[in-house]
Structures are given as C-alpha cells and as structure tokens.
Amino acid sequence: MDRRSFIKTSGAALAGTTAPLFPLTALAADEMLIGSIHDLSGGLDIYGKPMADCMTLAIEEQNAAGGLLGKQLKLATYDPQSNMQLYAQFAQQAALKDKAAVVMGGITSASREVIRPVLDRNKTLYFYNTQYEGGVCDRNTFCTGVTPAQTVAKLVPYAMKKWGKKVYVVAADYNYGQITSQWVKKFVQENGGSIASIDFFPLDVTNFGPTISKIEAAKPDMIVSALVGGAHISFYRQWAAAGLTKKIPLASTTFAGGNEHIVLSAAETDGFLISYNYFQNLDTPENKAFKERFYKRFGKDYPNITELAMGTYQGFKLWAEGVKKAGSLDRMKVIAALESGISVNGPSGKVTLDPETHHCVLNVSIAEVKNQQLNIVETFLQQKPTDTSAVCNLKKNPNDNQQYVIKA
Amino acid sequence: MDLAVIVVIQVLYAVASLVIISAGLAVIFGMMKVINLAHGEFMMLGAYSVIGAIKLGINLWVAMLLVAPVAVGLIGVVLERLIIRRLYGRMVDTMLATWGLSLLLVGIVTSIAGNTTAGVSAPLGSFSVGAYSVSGYTLVIIAVAVVLALAIRWVLLRTPWGLIARGTMQKPDMANALGISPSRVYSVTFAVGAALSGLAGGLLAPLTGVVPTMGAAFVAKAFITVIGGGPAILAGLVGASALFGAINQLATFVTTPVFGEVALLVAAIVMLRLLPQGITGRFFKGSL
Amino acid sequence: MNRFAKSWMSAALCLAIGTAMLFGLPSVMDDYTLIQVTIYAVMSILGVSLGFIWGFGGILCFGQAAFFGLGSYTYAIAVMNMGDSTVPFALAILVPALFAAVIGYVIFYGRLSDVYMGVITLTVTLILFNLINSTAGPEWRIGSAPLGGFNGIPGIPTLNVPGRPDDVLSPKDLFDVTFVCLLMVYLGLRVLISSKIGRVIIAAKENEQRVLLLGYDARAYKLFCFTLGGAIAGLAGCLFANWGAFTSPTIFGLAQSAQIIIWVIVGGLGTLVGPIVGCALIQWLTTAIGTQQTFNSNLVLGAILLLFVLLVPRGIVPSLGSAGEWLLRKLRRPAAAISPAASTAALPPTEQAT
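Residue numbers (our numbering), protein chains in the order written: chain A, 49 to 456; chain B, 84 to 371; chain C, 1264 to 1617.
The set of hints was computed from the structure by calculation and includes no laboratory data.
With a cut-off of at most 20 Å between alpha-carbon atoms, the simulated EDC-like pairs for lysine to aspartate or glutamate come out as follows:
#, chain 1, residue 1, chain 2, residue 2
1, A, Lys233, C, Glu1402
2, A, Lys295, B, Asp85
3, A, Lys234, C, Glu1402
4, A, Lys171, C, Asp1293
5, B, Lys138, A, Asp349
Covered stretches of chain A (chain C as the covering partner; in silico rule of three or more C-beta atoms under 8 Å from a C-beta of chain C):
#, segment
6, 120-130
7, 135-145
8, 159-169
9, 221-230
10, 248-254
To be clear about the criterion: a stretch of chain B counts as covered by chain C if any three or more of its residues have a C-beta under 8 Å from a C-beta of chain C, and this derived list gives those stretches:
#, segment
11, 169-179
12, 186-195
13, 297-309
14, 343-352
The C-beta atom is built at its ideal place from N, Cα and C for all residues, glycine as well.
Turn these sequences into a full structure, and let the hints steer you where they fit.
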C-alpha cells in the first residue's frame, strides 16, 4: 500500500460521506414542519414534481399571510425515488424524527398503502391528494383526490352517448387499474352497454402491438384507458402509428395526469375525453388569480398544472383551514375540526370535506383533448364521493381502518 | 388469413427490433469482450439527440439515421478514453463500471432535460391488411434491421477496416507487431458500437416514451440476446434475435405482453442450459 | 494485514464490536434511529450473502434479490395463512434455499462460466419480477393472502414469540432479533470459511481444475455455497417483511440486485465486514439524497460506483486495512533507520584510497 492509494481511498471515503447535503430539520420554537413525500425521480416523477411545486407555493403563500397559529411553516421534501422501501423510511422519518404536523404525499395507491399504516401507528395526520380508486376508510387519513363515483360515473355515460355501447378497457395492472376497471364495468352495464374485454398491463410494458391487433379484432365502439406512467405512453404512440386514433375513440381516467397530451402530438391525441376536478383553463376568478401566482413563482412556460398538483394545493388549504378552526396542532383536535364540515374556495371551485368519509365533495368537468389543449365540454357541480360513502362511515365507526374494494 | 399476415409482420418486427437493439452491444462484446451495461443509456441518448435535433428543425429521418449515431458515437469515444480503456481484460470490472456509468448518465439527463419531454410521433401512416391496420413504421424497422445486418457483414468481411478489426480482436499483439495500434482499433470499435446503440434509440423514439429511464427496459433483453448468440457476432445476433423475438411475440399474441416477456426469459435459460456457449458455440461455428 | 484478516482475531474483533452495538445502541438511540439501523442490519445480511458467494465462492450472482424477494413473499403468505410465525420464519429460509439449489444445479452442473451465470441469474430475477408483478387481480391469492401484484402485500403481521401468536415483537425487539441474526450469520460464515468445506469452496474459486484433480467435486461445493447464500438472502427477506410490514415486487427488480452488487464493491469484495459497511453507507446515502433536491440520486450513486471501480477497486474495508498496515509499518520504521547509518560507518574506508 503506498501513499497514493491511501490518499485515494480516504478521499473517496470522505467524498462518499460528505456528498449529500442534509436539510436542517431542527425546528425553531416558532416553526411547524410539513412533510411532503412525492417522487421527484424515477418512473413517477412526471406526477410528483408538479405536486411538490404546488406544495411549495401553498406553504410560501401561507407564510406570507403570517403563517399558521402564529408560527411559520417549514417544508421538508422527501424524494422516495419511486422506491417503496424509501416511502416507508421517509414516512417513519417524517413522523418520528422530524415530527411533522402533517404529511402530504404518496402517488400510487401502492405507496399510499405503505405510508398509511406507518403514519397511523405513529399518530401523524396524513393527507392523500391523488385521484384514486376510492374506498379508503381511516380516521387519520384524508383523501382529497377525485374517485370513480365522481369522474368515471360522469365520463362513461357521456362517452357512451357520444360513441356507442361496446367498450374495451385497457388498464394498468395494480390496485388502481384493477379497481377502476371494475367501476368502469359497473357504469357501462348500468348504461346498457357491454364490455368487450378488460386487459391489464404492468407498469413497465411497452410492447402493445399484439394488444392493438386484439382490440381491432374485437371491434369496440370505444376504448377506456386507465393506463399509468411513462412506459404506457407507448400505447398511445403505437395506437396512433397504427392509424387507429381516428377510427376508434378513446376516453381515459388517467390521461393528462402526467402531461401526456404535451409529450404526444396533437394528431395522436385529438378527440380523447378525460374527466377531472381541475383543468388549467377553468374560467373562475380564483383560478385566474392562482395561475398568476403560480406562473410568477415557477415561470410562464410551466408545461401544465395537473389535477394531482391542484389536489395537493387544495388539500393543503383544507388542512390549514382545519388547523385555524381547531386553534391547535393537536392531531385529534384538527381531525375534529376537519370533520365539522370545512370547505375552501379553491381554483377548481368549492371543495368541501365530507365528515363521514374524509373524502371531498368537488366539481367535476369533462374535457376533450384538442391541439394539445384540454377544452372543457361539461361541468358537474359538487359531486359527492358516493363510492366511498356507500361503504364507509367514520362517524358511526371511528375505529375503521382499511380500504374497501368494490366487489367484482 | 389476415390475422396470419399480421402475426407474421409482428413477429418479423419483434425480431428486427431485437436485432437493432442488440447490434451495438454485440459489436462491443463480440469484438472487445467488454460487457457494456450502459448500452440502454446510449440508446436513451440517441433518442434524446433525435428530439433535440427535431427541435432545431432537422428532418426526422436525418435526425434518426445520422444525428443520433454520430452524436452517441462521439460520446462513446470520450467514454472509452476516460473509463473503458483502463479496464480491458477485467470483464467483471467493466460490467460494474458501465453499470455505474449508466446510473450516472440517467442522473445527468434527468437533471438537464427533466422528466416531461415532448416526444416524436411515428412518421408514415398506416395501411390495412383486411380488418387490421399496421403502422408503416413497422416495415421501416424491419427494413433497417436487414440493411444493418448486411452492412455489418459487408464492413467486417469486405473492407480493410473490418479485416483490421477482426485481426486485432483475435490477436492484438500480432496486430501491434504489424504496426496497427490496438488501442486505436478498440476506440473506433467502441465508438461504432455506441453509434449503433444510438441509432437504435433514435429509431425506437417514435414508438416508446422518451424518458431518462427508458434504457432499463432494453438492456436486459439486449444482454440476454447477445450472450445467447454466442461468440460469432453477426450469426449469433441474428440467430438469437430470431429465436427470442419469435418466441416473445408469439407468446404475447397468445397470452399477454407479460407472459411474452417471461417466455423469452425462460427460453433464454433453457437455451443456455442446452448450449452453454450460446447458439454459435455449436451451430454456425467459425462464421462471422 | 491478510493474516490478521484471516485469523480468528479479526472475527473476534468484529463480533466484539457487533455485540457492543447490540447492547449499546438501544440505550443511546431513540426509536426512530433504531428502526433505521434495523433496516441497515437487514440489508447487511443480504449484502453479506452476496459477499460470501461472490468473494469466497467466486459466483457473481446478478439476481441475489430474487432470493431476498422470495424470502419476504414466502414469509408474508405463510404468516397470513398460519397465524403463528415460527413455521413461516423457517419457510422463509428454506424456500429460497430450495430455489437456489435448483438454479445452482442448472448453472453448476451445466458447467456455465461467470458471464453466462450472470445472465441466468439476471434472467431468473427478471422472470420472478414479471410474474409477481402481474398478480394484481383479486384472483391471485394463496390461501387467504392476496399476492397483490405491483401493490405488493401490505399489513404483514410481525414475528411473534414462538407458540404465542399474540406476543408480537416491538421495534426494539425486532432490532435485537435482526442484529443477533446478523452476528450469527457473520460468525457462522467465518467458521465455515476456516473449515475444510470453506477451504474447498475458496480453492474452487481460485482454480477449479486443481480442485477437481485433487479429488473434490467442485460443482457440489459451489452448489452448497450458492444454496447457503440463497438461504441467508431469504432470511434477510423475512426480516425485511417484518421491518416494513409490506413487501412488493420491486425487491425482485434489477435495481435492487444492482444495489447489492454496489454495496459489496464499495465495501470490499473478499471480506464479510465489507458488504456490511458498504450497505450501511449506501443506504444512509440514498436516504440522505432523498431529503435534498440538489443532486439526483442516480447521478450520485453512479458516480460513486464508477469512482470505486476505477480508483478503489478493492473496496473500503480492505483499503482501510492496508492503510492501517502502512501506518503501522511507518511507525515501526524509524527504529530500523538507525542501523544502516551505523553499518556504513563500520565499513573500512578502502574505496577512498583509490
């Protein structure tokens, strides 16, 4: 061993140990910590980054307005890198070490089900702000995203009226896709239609050639897509390459959640129907004001403010209302305040927390994709989360703690 | 009848895409015995260079067939000088170093380009075969694979460079004694292999989502195809691609894409058990 | 340095440090840090399994994560069906071992060399990943445990005291159990390496021909080594399922296998302590990167792997060992420096005359 290799070794070891920069999580007495667990790298980053940005904006706005309960808010952002183990670790860190007042995060339903038990065990409030398949019944958790009873229930009849009754479903192969496709089947059958087939694809599949041929053989009137993630974009590409975008119309519960309409070209996406709570071009004064603040903070050429990002913003606003009403950060007091029928006027309209299900009553709009823009065609006001309220009543059973799944 | 034609086209397409994806790795592994696990990331760089070129207004075909290979080839030269050169002969170490390189490239591209990038749509429309429509681009891929295989064969067999490359690959010290610099040959070979990977990425950009992590889906398949092919570069490449591509696509038609992948993987294991040296360890021995 | 590393003294030293940590850490650390150290320990067991079969058996397995995942899934399914966790714990070690034995048979008795072995192990882990990933539908269940596909299996019951299903382990108990397992694995492997079987395994790594000529069936020894590695990885998988109360298909993935290999390289191939050090370091680094946004995680990990392969190919522990040795030699040299001067002075000044 000579001097050179010794220096190299210690240099490498030192570099390894000092490379990362630790955030200062030591809180001052007049601060409170908000935890944000969103994927900023890995396959889910297209969803996570706008959500984290909206949280940053929301917290900065709150601090500018004087903070909450006289304290300034501090944001701790964790990037689980699309890795389940890190989701668990960061949830533990936020709850046990950084003692966050509330944790907002989780994108896929799989990651939510990893975070939820950890935060339950460690008595930290949890807000899940992503649109999902419905059914979570847990006093410690508040879900502010849209659920199938709100979006799919409106999207499917509208599409069927426009295009026809025979439906082919392609969905991502995990709990969101599985459960959402059951809801699609339910609404299709309620409206007198029939399901040609339901096909599932794990999140990393990119080879859709044979599937496309199968769809052609089935001759459906329309496709409903619950595909998720970067790899599934290749379905839309290959679909258009086979010239089918113009022949068989498509409705989707997930399209544009990751800015797919910008990544793909207009020719590949014109005519798609989607349904969400929030669209960037909603014509309300709150939305106009919000967009001004957002673009000022993040730049005018921000690709698209997604539904998931808005869910995060509105979720935070709801929580802040709850804290103000409770007058304290004590978890049970905040939960009680949130259960007293709180609402905020978000950029998407009025958002009310339903006390029995801990889900939200929201406006829902259907939009059509045209020229890489999302044009709203119809809006339904104040839709209730009927899928979850059919199975979950936290006022009657406050100790309920599970996710209910629709029976096939 | 229509379905049969479709199946044949799809199978040819699967074989062709395996050939294109694995060509770069086959050249690098076959000639230099370097297992380049950053192969998927070279493809990703090719795809991104096509997107960048299109943003600058360059025609799609020029971007795919010229800009992508050249750009990635140059990157290959630089990387070979900096990293690969120090690790010749140490197969395991090159695997690990190129693995680290692949993570690094993904990280760099993510930091620069972000995660939402506009992609490219497939050129050429579609045409119908009876009740089914097929993308015209599928036929382009098949054609390019054939041309590529023939071009590799021609360069290696009928040009002086091919002769020098093959000679250096077999006996580097003899080539050195004859006045040829093996390190230069290795540099150029690695660059050519990288360029082929870039070409593959560029060609596949219209068909898959272009994200920094797209390489991961391809590197395992390319790796398995190249190793399964055996020592002969071209015969192994074509042979293994034909076998695995056909099995993959046929299984996908019968079941789902997932089981198609599993079928490919199982076939690889079975084949390696029966022919431990790869396909060209037993058949087509001694061919190119 | 080599002699020290191979002697019982280094094993005793490591065990002493480990035991001190086992008893000392719970009193200095709060619950949160203890949970973090537990996951480092769990992953270290996994790292040691690869470090053993690679460093001492010469088997580069690209798919060690497959046995890890099998262990955790086996435990999850078994405990959700059986209730009491004693049998599931044993199953979580046996099933991956069996699987490793089958694959090992295919590889070693088929006389496949390292590259091809790498391909087969890679392929196997990809097959498992693809298969388990597509089991999200409600029809995929074993007994009363749904496989869950991409979602994995959440809410896995924790280990309990054998025979008393309601007496589950607390986080501190889990830390104790994990750490004891780590120490026992380390001790067991050290004993094995210095035994006759261990020597044959190492010899087979160095020169298989010679071992065959000496009359040992190298294939059987390699198979044993590989199976043992699979069993240890399965144990790690079972403890992982307990730590997080969940398991998901991503632990079968290529990324997880890559991580294990990185730990071993960074820590030091050819040692047992190396993978533990490398694992703890990289795990800590990954977590730390996730809490800041300046550097992309892939960038940092890739750069580290590259740096280590190029500059410090032997890894941290051996290099630190050599560094220590160099320092010791330097400290001893001044005593020897005096004698050369004395001896030249004693030489007769014959050359000066001519």
